[in-house]
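Below, each chain spelled out in residue letters.
Number of protein chains: 2
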Amino acid sequence: MGKYKGQSRLVLKPKSTQEVSQIMKHCWERRIGVVPQGGNTGLVEGGGVPVKDEVVLNLGSMNKVRSFDPVSGALVADAGCVLEVLSQHIAPHGYIMPIDLGAKGSCHIGGNVATNAGGLRLLRYGSLHGTVLGLEVVLPDGTIIDQLSTLRKDNTGYDLKQLFIGAEGTLGIITGVSILTPPMPQSTNNLVLALNSFENVLPIFKKTRARLSEILSAFEYFDRNAYELVVKHKLGKPLAEDEIADAPAFVLVETSGGNKEHDEAKLQEFLEEVMSDESLVKTGVLAQATEQFQQLWALRESIPEAVSKEGKAYKYDISVPVSTFESVVAKTRERLQEKGLYQTPGGVREVVGYGHIGDGNLHLNVVAEKYSDEIEAALEPFVYELVESHRGSISAEHGIGLMKAHALHYSKSKESIALMKKIKNVFDERGIMNPGKVLE
Amino acid sequence: MGKYKGQSRLVLKPKSTQEVSQIMKHCWERRIGVVPQGGNTGLVEGGGVPVKDEVVLNLGSMNKVRSFDPVSGALVADAGCVLEVLSQHIAPHGYIMPIDLGAKGSCHIGGNVATNAGGLRLLRYGSLHGTVLGLEVVLPDGTIIDQLSTLRKDNTGYDLKQLFIGAEGTLGIITGVSILTPPMPQSTNNLVLALNSFENVLPIFKKTRARLSEILSAFEYFDRNAYELVVKHKLGKPLAEDEIADAPAFVLVETSGGNKEHDEAKLQEFLEEVMSDESLVKTGVLAQATEQFQQLWALRESIPEAVSKEGKAYKYDISVPVSTFESVVAKTRERLQEKGLYQTPGGVREVVGYGHIGDGNLHLNVVAEKYSDEIEAALEPFVYELVESHRGSISAEHGIGLMKAHALHYSKSKESIALMKKIKNVFDERGIMNPGKVLE
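Residue numbers (UniProt numbering), protein chains in the order written: chain V, 1 to 440; chain S, 1 to 440.
It cannot be assumed that every hint is accurate.
No farther apart than 25 Å at their CA atoms in a straight line, the calculated lysine-lysine pairs in the DSS-like style are these [as the list claims (entries may be wrong)]:
| hint | chain 1 | residue 1 | chain 2 | residue 2 |
| --- | --- | --- | --- | --- |
| 1 | V | Lys422 | S | Lys414 |
| 2 | V | Lys260 | S | Lys237 |
| 3 | V | Lys422 | S | Lys421 |
| 4 | S | Lys260 | S | Lys234 |
A few chain V positions that, by computed beta-carbon distances, are all more than 12 Å from chain S [unchecked claim]:
| hint | residue |
| --- | --- |
| 5 | Asp100 |
| 6 | Ser197 |
| 7 | Arg224 |
| 8 | Met275 |
| 9 | Thr283 |
| 10 | Leu286 |
| 11 | Ser308 |
| 12 | Ser319 |
| 13 | Ser411 |
| 14 | Lys412 |
In short, the hints are calculated from the structure, not lab data.
Just so it is clear, the structure is predicted and the values come from calculations on it, not from any experiment.
Heads up, the beta-carbon is just placed ideally off N, CA and C, and yes, glycines get one too.
Working from the sequences, and respecting the hints, build out all of it.
This is the structure:
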């Protein structure tokens, strides 16, 4: 978001776990702060950006695949491997990575794990807490913890690796990752539906799960304003204007399965069922070829880029009940109207909502002509309190980082935060590991 | 296994989280040891059995479902709910529990989480580290940690709940569980194959994954000796003797899918493919009706009961590479032969192997006429060292408990164990929580 600029002058690029360990020992003895850096693609500026004069430890030179087992699908790789490079490595064996992100061309697997990245495949393959089999981590004092297991099941003692997943580099430096990769689907399809009202999203989601069951791989939502931004900035091919008419909400459904014929039959039957009910759907488009499949995805995947082109964005990545997605966006817009900041000179241009229905994860984006203290004051803590009122999460998939460390209490109780601080102290009593991030 | 007898006289049955908190506060102040107890069905006598004179805290009276969301499938329940009761609660809404165990009629969901139970559905739905959405836990000092979230995604701070999953009640008492339940499959089928050799297991597993892909829900292995025990004790209907001939290995394949017609077509095609290769398979039986489905499952599920009827069992629940399943059993048998303890008076009757191929989890059972120090000395640390030589886990799904606390180091490094002890100390510096379990 360009809100944080790092100040460090020293960037180290170790080539091995041993080198990482030596650097950490050195810094531990001298109480020098260290910031681990992956692909530096994060949203909350958690892992990769120094606050003061910490040493930056960039893992980009640790980029080798250590092993891949084509029977079990267990992949072991250096933390600095780029996600897309790993996908390419395992594709010839018939496997895919269990996560997929917009930043796949530059983000590192170690950074994905450190931030517990979510993304488009979470609905199907679950979170990294389930797919990561093991980690190799260097602790702040230089100790190497080797839990780089390729076992799918291991109940021996506390599952320490889980603490590092989503800790955003505040407990140690992930140097190696073992992850279970799923078999590549033989057939992938998608469709986009323009709905008569937001209230239809949930009934359609239920029908989708019933009809498409185990082949459902994504169920994405975007509102009309998000759609219009993508079309305005020519980042996606618009649907037929007369057919979508005044549809206020859209969903994209993706299937991935093992048998093309069966998958298409299921999808066709599903589409006929929802289209037959005119109160549900205005129109539906089923991709007929690879090119159209990409075009439909572009309508959803280009939203972040369209938002950036439209102006300066305040981005909230929240978990709230799916039934409240529309009202959370509407209430945020009303708040800005009340403050005289909506569609006024120097103010907010638009408020858009999109996200993963299957995961209850809403991306709330407020696009302004420019960043201003007034807009920020109108939005925070307003948005956090709104999320708290729904018992939601103020950070569904992008973490806490530096930006939201002050707001952690909206999603976690004081007892939980006290425990987190004790855990942090076990690993890093000198406070050198990614200082200022996650916990204040 | 009947090896451990509890000595405690005081059993408390709290009715609420508040009561659990009050009991813990009382015990914390007086440094009284506490053992949480669920359905008491564990194998390693971890959670449920006191070592000295600890108070037993039985959660059986906390057995209410707190909420169920039929759109997302998020279930929130008291820790003392019986697994099967929960299954029955959500079945009318079209959902199933993501775990299934032989002990489902008496085990508690809280105990399942505390022991990170695996079971028959892990291949399909993943481990509890992925499906548990939140926990309510009472810490040793009585503090209540409420992380009973129903959010599928929440990246706010360290994921503390993960530490309690598999901690076997040594860090706190789980009083409530929020868990994501998957939609109920519309169609379930199975088949059993008798193989020409153990070496065929892996090629067949690969074919199974390719052909059955997303509908594959179990791939179980059992060796000839395990099969013979089930038949001998009349716990399963034998397959046609002339057809299986001298087959040394069996696999059971189960599918669960959303479309009966599609699923049966996939299964039929798969069966024709493997049966057409005589070097792979001696015979295959595809269940034609519900009754036969149960009969085929009985051949695999009755093995533990058959083992118990045959004699006194030494049970090892290990993770090792699938390719070594047969050799691990064979080497254990050879070891007992060398020591003059195999099929001799008072000695071992049989060594059998069975387990979950999809998870790399082998159940190695040594059945003896009676327990003896000689047999134990022949088996331990022999089996643990064998597992260690394959970088395996000495406890894949049944935990460490009291029985294996001395053997933890075969699967975890001294650095990892040191960290576990520090974590234990954060939660329980007075050492009152399930003393003697997991960590020595």
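These are the hints, each one checked on the structure:
no., hint, verdict
1, V:Lys422 - S:Lys414, "holds (22 Å)"
2, V:Lys260 - S:Lys237, "violated (37 Å)"
3, V:Lys422 - S:Lys421, "holds (14 Å)"
4, S:Lys260 - S:Lys234, "violated (32 Å)"
5, Asp100, "holds (15 Å)"
6, Ser197, "holds (17 Å)"
7, Arg224, "holds (23 Å)"
8, Met275, "holds (20 Å)"
9, Thr283, "holds (24 Å)"
10, Leu286, "holds (18 Å)"
11, Ser308, "holds (22 Å)"
12, Ser319, "violated (4 Å)"
13, Ser411, "violated (4 Å)"
14, Lys412, "violated (6 Å)"
Taken one by one, the earlier hints fail for this structure at numbers 2, 4, 12, 13 and 14, listed in ascending order.
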